[in-house]
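S.K.: These protein sequence lines are chains A and B, in that order.
So for the first sequence, this note's numbering puts the first residue at 258; every next one is plus one.
So for the second sequence, this note's numbering puts the first residue at 4; every next one is plus one.
Any given hint could turn out to be false.
[What the hints assert, rightly or not] Partial pick of chain A residues on the chain B-facing surface, computed with a CB cut under 7 Å:
{"hint": "1", "residue": "K299"}
{"hint": "2", "residue": "F302"}
{"hint": "3", "residue": "S305"}
{"hint": "4", "residue": "N361"}
{"hint": "5", "residue": "H365"}
{"hint": "6", "residue": "F366"}
{"hint": "7", "residue": "D368"}
{"hint": "8", "residue": "G369"}
Hint data in this document are derived by calculation from the structure and do not stem from the laboratory.
Owing to the predicted nature of the structure, the values given are computational and were not obtained by experimental measurement.
Yeah, the Cβ is synthetic: ideal placement off N, Cα and C, and Gly gets one too.
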Amino acid sequence: EPEVTQTPSHQVTQMGQEVILRCVPISNHLYFYWYRQILGQKVEFLVSFYNNEISEKSEIFDDQFSVERPDGSNFTLKIRSTKLEDSAMYFCASSEAETGGDSNQPQHFGDGTRLSIL
Amino acid sequence: DAKTTQPPSMDCAEGRAANLPCNHSTISGNEYVYWYRQIHSQGPQYIIHGLKNNETNEMASLIITEDRKSSTLILPHATLRDTAVYYCIVRGGFHAKGYKLSFGAGTTVTVRA
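Chain B on its own, in the form it takes in the complex (with noise of 0.2 Å):
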């Protein structure tokens, strides 16, 4: 599975919207982008995925360059119950072989009222 690359931290303001990047610059044409998030010492959460085309759904958005070598979570609105780590990971595709997720570090996101 390709390799992602996310800033290690970001804050964000209450109520404003959150743009949290990623890239992935070795992907490959199967290869979908999930995003998923931990708020401390849960589960992780699944937030939203997609394969090229931008994804939206009640919790964020999802934007994918068209060469697909990066991507953007959009949290609408942030709010204080944000606060997680947010994980970019690519997982696919046609013959892969088992579906395993592999975490990396992920952006620490912190939003301040």
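In isolation and in its complexed conformation, chain A is listed as follows (with noise of 0.2 Å):
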């Protein structure tokens, strides 16, 4: 069965530097997301991203993240100037295209980064 993949499956790195983490969707996918969850906490949405632009982003998603497809098939989260509040698992997200006018596809996830800020 296809499957989100995610790497590294876990990143240390020193606060104040930048971290990419990469996602490879599930290839007829369309729309990609990331979502992060801080130990013991729920899991958050931090951004959409479909028809390489971002449709939706939550007040955590600030101008220190951004996303890229850079190409057919990886998603990339950039974190510019990490903070040690930034250490959290971060997970992607697919799902295939929305059909008719509901939204029901649901999204497959991958197993998460493991980010961790010094």
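Mind assembling these two chains? They're in different frames, but the hints should get you there.
M.R.: Encoded structure:
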């Protein structure tokens, strides 16, 4: 069964450094998402991406964050200058194109990148 | 998106059916009910979703009440590997602004041998 893959599984970075988290969504999917989960807390939406642009973002997704689909297969999340509070699990998800007027396609998640900021 | 209410935890015996309730009394007509689960530190795993009809797949069944204000996820024969946090999420619908999922605290299900 096709799956979303994320690399690396664990990233350790010094505070203030830039970090890029990588995701390979399921190949025929057109919607892409990033979520994060701080240890012991809820999964939080960061951003959705469709047709090469951001379709929605949360308050967390400030100008330190950016997303890119540099080629036909990868989807990346960049944090420009990391802070201690960016330490979390980051999950990528993807979904098929929505059909008709309703949104009903499930999102499929990768197993995440654990980001540790020192 | 409509808010959901789930019990914080429940236990289930291995081999028995697990019935996980969810209230979503403010659900609107074009919003779907989704169920995901998260096994320790892994990414959320899609289980099933539905609009108003009951749904069944290889993992579970979803029963939605006629007024759509609540639903139940049924794991027919729970195994130890079904121990996880289960999330009921309402999302939709026509002209929705984005398709984000809003996760709550979920129900921590512990399957006991």
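S.K.: State for each hint whether it applies.
M.R.: Structure-based check of all given hints:
1. K299: 5 Å, holds
2. F302: 4 Å, holds
3. S305: Holds - the Cβ of S305 of chain A comes within 7 Å of chain B, reaching about 5 Å at its closest.
4. N361: With Cβ-Cβ at 5 Å, under 7 Å, it holds.
5. H365: 6 Å, holds
6. F366: 4 Å, holds
7. D368: This interface hint holds because 5 Å falls under the 7 Å limit.
8. G369: Holds, about 5 Å.
When each numbered hint is compared with the structure, no violation occurs for any of them.
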